[in-house]
Every structure is written in structure tokens, then in C-alpha cells.
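Asker: Sequence:
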Amino acid sequence: MEAAAAAAPPAPPPAPQLAPPGKFDFTDANEWPRWMKRFERYRIASGLDKQSEEFQVNAFMYAAGDDAEDILNVLPLTDAEKKSYKRVTEAFNAHCVSKRNIIFERACFNRRSQEPGESVESFITAVHTLAEHCEFGVLREELIRDRIVVGIRDARLSESLQLDAALTLEKAITRVKQSAAVKKQQPVIRGTEQATGQVEVIYKKTSRGQKEKNDTQSSGCGRCGHSKKHLWKDCPARDAECRKCHKKGHFAKTCRSGSVVHDITQVQMESNENEDFAFLGEMCSKEPSEWIELLRLNGDETIFKLDTGAEVTAIPSSMHSIKKHGTLQSPPKVLYGPGRHKLDVKGCFKGKLTIKERATEQLVYAVGDLSKPLLGLPAIEALKLISRLHTVEGKKEDVKTQYPTVKQKADPVCAKLISYCKTEWPEKHALPPDLGPYWPERESLTVAGELLLRGQRIVVPHCMRQEILHDLHSGHQGIVKCRARARQSVWWPGLSVHISQMVENCSTCSQHKAEHREPLLTTPVQDRPWQRVGTDLFFWEKKTYLLIVDYFSRYLEVAHLYVASSETVVAALKDVFGRHGVPETVMSDNGPQYSGAPFKAFATEYGFTHITSSPRYPQANGEAERAVATVKGLWKGGGEKAKALLSYRATPLESGYSPAQLLMGRQIRSTIPQLPTSLRPRWPNVNSYRKSEKQAKKKQQQRYNLRHRARPLHLLQPGQNVWLPRENKKGTVIQHATTPRSYIIHTDEGQVRRNRTHMRAIQHPQPCQTTPDTPDKDSEPGNTDTLTPVIRETIRHTITDGTNTPYVTFSGRASRPPVRLDL
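Residue numbers for the sequence shown follow this note's numbering, so the first one is 206 and each next one is one higher.
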């Protein structure tokens, strides 16, 4: 017994307590199938199906109602069958559900269309319900689809669905629902929802010759509007004056005078002259943004719209609560909306409005036809939500306090010019020398209120020009911007030249301006192999290597260094020089391995000239840097390093000769099969090779200069102050270094050597020569006599340069000849 009890399955969880469906009304037998479905769901959900048959019958009879007992008694069932739930329900189904008329059911289905205002979801559900009793068979889904497509009210959507040959029921339902959803979203997206307070006027066009008549006119008096007709002498409107057209003989409600906009609803205004009234109207706008604030009304958070056009504060009557706001009282004022429309005011109460630490007590009106709470102007001002600006007054200042009229009179030149403008200009030869530059502009000079002008620009006296120049350059803008700014307000002779001098002498601009690139300096073609070599250190796979390249043949030698020191570099170079000989010149960077005492002693012992590039300027040692990139490209494949170098040395260059041929006069043997005759010594034509190399370098230089718009920087003189951008400090030029474009600079930390590209010249601040001795050249091409020393020096270097570098005009623009002329 204990084992049997242990093996018994666990008891099911208790069924939920659910209420059965309501009693069935047997007078409407067509609803029996729906009620029966609900009972079956209740039977399963409540666990009734797990009970005995008799218990289920009793529950069924109880749920069906009192009329079910009478029906059960007349059903042809035995006592045993009355205890069977299946037999009882079958009998009730046969009693309530008569034989359906298929023709009638299908007619109802085919006549079903979407009603006005009916949603598409409701219409689709109704179509499915009607199809249940039509016995369509396999055509059920297609016929439902056709009914939905034909029955929807959207004609355009219906035509679109009819054109879809592959339309299915699921696809049709999806498209219909999507179309309805999009139409509901359009008012929100396009902002076409009607704002509160707006009134739509519907104009109905009548047919020609046909007039609309009021019902009162058709059946009663057409002058007073009375329902019963009477004689004219008895009409009360006989001596009355119409308030609409101001004519006698009829009332306003029967007036036939035409108007542009007809009244939709005529509201009879009954006002008393002694009655106090106020305006309450929402200021409508098409803008989507509203002025709203969250306030506390008697402790209850409420969102109010700020309406400065409303004279009182009001809330919708539906928001009024006796518990929170108290009982409504009779309003002391009559509220009118737009068009003097009397509002439905339910009453008013005293409300405490609070926002942050500010509070005020206002009389709040409860309005029946109000859509949202409105905060009136008195409450807005009391809570200081909006500041009122009563007037905007322009301050009239004397023109003498804004413009330098007084200083113009104090300046002898401006005083004479004012006198000439008021009287008459003398001949040019009779003018004083200091007024000569003003002669070309005499027609443009005028006097307005004792103020000397050139067009719309003020003529600045000599004593104020330095101050004006500093103001024009206050934002450290360039020459073009400062000139454009000056053209709007001020003028004096030579203003453009003075602005150029001021910008070029600005130390701040000199420190931050970006220098252009200088023309490319190519290394000269050597006369013979191994005459000049370049060397550099590089790292590959965490190892240090020394590279030596011949400037003539571009032959490479690479040596592995266990320690990157001067001693190891000297030892590796001695080994290479022992094979190929000692060159005349060795070019390297300024690394510590080359600047130490061991390397200097090595250069003296072997008798070669050692030249170093400018620090932090690897372009000066470009041949070695390019060779390092070549070696790294050869080793990227991961093969044998020596074999990769062998293939490079045996491969012909652009000249047609390999590095081995140019260095040793013979082709070296590699892993590629070759004829023995090709390995015999054969020297290339050196003169022809040097000529082709010179042409290639010249083209390379021209392409570089054109691509980068390169032009030479002006030379720096000893004692000139410079700015070092990379070190962010100032320095002074001591002398030129031995290499091109390289200078020795003195700084606070000592002497350094830098390339010209790494320096910005700082001009000494000098007062601009503002004497009016030259005319303004804003719109005329100037000559180099009026240019600053910096630009003159640039032009001199450009003209004397033997290369085809761009010609630099006086304004700094690079003028380049067309490529088609480079013959």
C-alpha cells in the first residue's frame, strides 16, 4: 500500500475560480453557437471536464438558465441520457440551431461592406464571422479576400489591391490595416489637427438659380420667422431694424443679405452694459511648440498652458474636484471666447498656484468647453514666468561721440580736406605735398555733419591710424580679412599696404601661421660609383641594422648591429669600406652614433667628409631613408634576407642597369639561369647614365614643386628672432649652418641646429608708416617698391632660382606656367 501510494501521480493544481458565462436568452437562438463556445472554454479552464458526466450536466443546466429546464423536459431523452453531458448538449444544439439557409447566409456575406465610421479590424472580423456558415469549402479564404477588397470604403486602396494578381488573404489584410494605421498617423505627422478655438466654415455650393431657404421661410413668415403666416400689418418685424444689414422690415434671423462667410451657429448674445466680463481665448498658432509649465494647483500637479491673451486662469470642468478644489461658486465675471462667444462657465473657486518657491492665489474658473488648463496673464505676472518689456527705446547719441569728428578737425590734413569739400578744390599743382595722395579720390570725398567721408567710409586722421590698425587686427585675421573689414568702415591713403605690414609684423601671427613648403633640393648626380654614400640605422623584428647606399648606383649594404653604438657602427663601416673602398663623402642623420667622438676619429683616420642632416628633418637624408623603405619592402615576404638583397642588386633600375652593374661593371650571378656571356664585365655608358639621371631628378623636382605649390622661404639673418613650434619656445639666429637651409639657433636651453622649415620668423613690432604719401592700391596691381622686405626677398629668390618654380606675385599668389608649355 505504501509503495502504491508512493507511485501515485501528484495531484493536479486546484482549478481557478472562474464565473460561468451569463444565462442564455433562448428567444435569440442564433446566438446559441457563440454561447456554447464560451461555455466549452469555461468548462476546460475551470476543470469542469475532469468531473463526472452528471456533475457537468448540472453545471451546464445551471449556466444556461431557467428556460433550459423547460427545454430539457421536452427533449426526447431518457433518464440515463439526461445524465450524459454529450447527449444533452447534442440535443440542445439540435433544438436551438435549425437548418441554416445557405443562400441567405451567402447573400448576407456578399452584401457586407464597411460601414461609415467602422474600423477595418471590425469589418474584417465581421466578414470572417459571416463566412463561418456559408460552407465555402476550399474557396473560403479567396472569397473572404474578395469581400474585403470590394467592401472597404477606401476606393484607391481597393483598386490597388485588385491590380495585384498574387494577392492573398493575409497580404490583403496586412495592407488594409497598414493603410488605416498610416491615415490615423497623418494628422500627427503633418500637424493638421485642428487647434482649439478654430472654427471650420463649410461652404456648400448651390446650383445656379437656386437659393437656400430656411425652414421658417418655407412654412412661416419670411420677415419675422414666425411659424404661422400672418398679414403684413400684423407682422412684429414691420417697423424693426435688422441688426445684420441695418434695414427695416425684417429680423436678422430672416435676413437674406449676402455675406462672404456664412454663420454656422448663430449665438444670441444677451449682455448687460453693467455686467463685468473678461476674455478667455486660447491664442492658437500653427507652431508645434507651446509655452507650458508644471504648477501645483492646491497641491495637485497640473500642466498649464501660458496664455498672455487670457485675462483669467481656467481649467476644464472635468478636472474640478470638490475634495481638492472645494465647491464651485458663482462666477463674478462672464467669460467670452474668440468672436465674443459666451463660454460655458460652471463656476469658480480660489486656487493656490505654486511653482518652485513662488506662489499666488487666483480665482480659477471651471469651463465646460475648455480643452486644457490655461494660465492667465495676472497669474503669469504674479509667478514671474514672463517678463514684460514695456518699451524699446533707441538711444540717440550725437554723431560726434561715435566718430572721430573732433580729431578730424584737430588734424590739419583733414581740416583742409573738409574746407576743400565745402568750397572748391584747387588745382593739383597748387596742393600741399601732404594732400597729394587725396587728389585721385577728391570726387569721392564728402562732408556729412562735419564728418569727412570717402563714400560710406570714414577718413581716419593720422593720429588715429595706429589704433584703427590694431582694432582691425584684433582677432589676428589674415590680410584679406582685415582689408575686407576695413572696406566697410574706414579709409586713408595706403591703407592696404599698412594692413599688410601690420599683419606681417605681428609676432602672434608669425608663431601660429602655417609655412608653405620650400622647393625640392635634389642631390647632385655623382661622377663615379662610391663617391658619396648615405647611411642610416633602422629596426626590423626588434633588431638593429646599419644600411649603406651608394648615391651613384643605389647599391645597398646591410649589416646587423648587436649594439647601436658608435663603435659598432664604425666597425661595420670599416668592413664595408674594406670591400668597396673609402668614399669621399658620408651622409647621415644627427643620431648619437654619428655625432660621438669615435665616429669623428674614424672620419679623420679614413679621410672622408662627414655631413649630417638637420635634426628632426629626415628629408635631408632622403637617399638613405628611401633605401631603408626598399629593404623593409624586400624583407616583408619573410624569406631569406640575403637572397632578397641579391635579387635587388641584380635587378635593372629605370636606367636599364642594375646596381651591381653600375658599381662593379658586371652583372652578378643569381639563382635565375643566365648565359655566361651576360656575366662578362661590361661598363655602362657613364655620361649617358648621368644625363638621364639629371633629367629624372629635374622632372621629380618640378612635379614636387607644382603639387605642393612650393616657394622659397625668405632667408634669416643673424640676430633675427624666430619661433620654434615643435619646442614651443623662442630663439635667435646665430649663423647659417654648413648645410643648405640649416641654421644655428640660440635658445634659453643652449644652441640647437634646425632646418628653415622648423622656424617661424618673428618680426619686430614696428609702427606702420602711415604717412599719406602713397595712394591706396586696393584694386590696382602694385609694384615691388611698396612691398615689405619679406615679400621682396621672396620674389628675388623666386626670380633668381634656376629651377622652374612658381612665380610669386606681390600678394603672395603662386603663378605657375601651364604644363603644356614645359617643352
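Possibly wrong hints are sitting among the right ones.
Straight-line C-alpha distance at most 30 Å; calculated DSSO-like pairs for lysine-lysine [to be verified]:
hint : residue 1 : residue 2
1    : Lys904    : Lys935
2    : Lys779    : Lys846
3    : Lys627    : Lys577
4    : Lys935    : Lys686
5    : Lys288    : Lys242
6    : Lys382    : Lys434
7    : Lys382    : Lys242
8    : Lys389    : Lys577
9    : Lys779    : Lys748
10   : Lys577    : Lys388
11   : Lys561    : Lys547
12   : Lys748    : Lys837
13   : Lys686    : Lys779
14   : Lys529    : Lys510
15   : Lys458    : Lys510
16   : Lys242    : Lys228
17   : Lys510    : Lys547
18   : Lys686    : Lys747
19   : Lys551    : Lys612
20   : Lys589    : Lys621
21   : Lys449    : Lys577
22   : Lys449    : Lys529
Now the in silico label distances, taken between C-beta atoms and shown as ranges [what the hints assert, rightly or not]:
hint : residue 1 : residue 2 : range
23   : Lys551    : Phe341    : 18 to 28 Å
24   : Lys747    : Ala802    : 45 to 55 Å
25   : Val685    : Val387    : 25 to 35 Å
26   : Gly227    : Val387    : 35 to 45 Å
27   : Asp505    : Gln682    : 53 to 63 Å
28   : Ser526    : Phe341    : 49 to 59 Å
29   : Thr962    : Gly786    : 19 to 29 Å
Hints listed in this document are in silico derivations from the structure and should not be mistaken for laboratory results.
Small disclaimer: the values here were computed from a predicted structure and weren't measured.
Yeah, the Cβ is synthetic: ideal placement off N, Cα and C, and Gly gets one too.
Asker: Each hint: holds or not?
Answerer: Hints versus structure:
1. Of the supplied pair hints, the one linking Lys904 and Lys935 is violated, its CA atoms being roughly 38 Å apart against a limit of 30 Å.
2. Taken as a hint, the Lys779 and Lys846 pair is honoured in the structure, with Cα atoms around 22 Å apart against an allowance of 30 Å.
3. Between Lys627 and Lys577 the alpha-carbon distance is near 70 Å, which puts this suggested pair outside the 30 Å criterion.
4. Restraint check: the Cα-Cα separation between Lys935 and Lys686 comes to about 28 Å, which is no more than 30 Å; the hinted pair holds.
5. With a C-alpha separation of about 21 Å, the suggested pair Lys288 and Lys242 falls inside the 30 Å cut-off, and the hint holds.
6. Straight-line distance between C-alpha atoms of Lys382 and Lys434 comes to about 56 Å, which puts the hinted pair past the 30 Å bound.
7. Distance check on the hinted pair: Lys382 and Lys242 sit about 28 Å apart at the alpha-carbon level, within 30 Å; holds.
8. This hinted pair checks out: Lys389 and Lys577 have alpha carbons roughly 22 Å apart, not beyond 30 Å.
9. In summary, the hint linking Lys779 to Lys748 is supported, as the alpha carbons are separated by about 21 Å, within the 30 Å threshold.
10. About 26 Å separates the Cα atoms of Lys577 and Lys388, which keeps this hinted pair within 30 Å; it holds.
11. Between the alpha carbons of Lys561 and Lys547 the distance comes to roughly 35 Å, so the proposed pair goes past 30 Å and is violated.
12. Under the criterion of a C-alpha separation no larger than 30 Å, the hint pairing Lys748 with Lys837 is consistent with the structure, at around 13 Å.
13. For a cut-off of 30 Å, the pair hint linking Lys686 to Lys779 is broken: about 60 Å separates their Cα positions.
14. At most 30 Å may separate the alpha-carbon atoms for a hinted pair to count; Lys529 and Lys510 meet this at roughly 21 Å.
15. Restraint check for Lys458 and Lys510: the C-alpha separation of about 38 Å exceeds 30 Å, so the hint is violated.
16. Between the alpha carbons of Lys242 and Lys228 the distance comes to roughly 14 Å, so the proposed pair stays at or under 30 Å and holds.
17. For a cut-off of 30 Å, the pair hint linking Lys510 to Lys547 stands: about 21 Å separates their Cα positions.
18. As the CA atoms of Lys686 and Lys747 are separated by approximately 52 Å, the hinted pair breaks the 30 Å bound.
19. Distance check on the hinted pair: Lys551 and Lys612 sit about 74 Å apart at the alpha-carbon level, beyond 30 Å; violated.
20. Between Lys589 and Lys621, the direct Cα distance comes to roughly 59 Å. Violation of the 30 Å bound is thereby established for this hinted pair.
21. The hinted pair formed by Lys449 and Lys577 fails the criterion: a straight-line CA distance of about 34 Å is larger than 30 Å.
22. Of the supplied pair hints, the one linking Lys449 and Lys529 is violated, its CA atoms being roughly 46 Å apart against a limit of 30 Å.
23. Taking the beta carbon of each, Lys551 and Phe341 are about 57 Å apart, not inside 18 to 28 Å as hinted.
24. Taken as a hint, the range 45 to 55 Å is violated for the pair Lys747 and Ala802, whose Cβ atoms sit roughly 29 Å apart.
25. Between Val685 and Val387 the CB atoms are about 54 Å apart, so this pair departs from the stated range of 25 to 35 Å.
26. Roughly 39 Å separates the CB atoms of Gly227 and Val387, a value that falls within the hinted 35 to 45 Å.
27. A beta carbon spacing of about 59 Å between Asp505 and Gln682 agrees with the range 53 to 63 Å that was offered as a hint.
28. The given range of 49 to 59 Å is respected by Ser526 and Phe341, whose C-beta atoms sit roughly 56 Å from each other.
29. Range check, Thr962 to Gly786: about 35 Å between beta-carbon atoms, so the 19 to 29 Å window is missed.
Taken one by one, the earlier hints fail for this structure at numbers 1, 3, 6, 11, 13, 15, 18, 19, 20, 21, 22, 23, 24, 25, 29, listed in ascending order.
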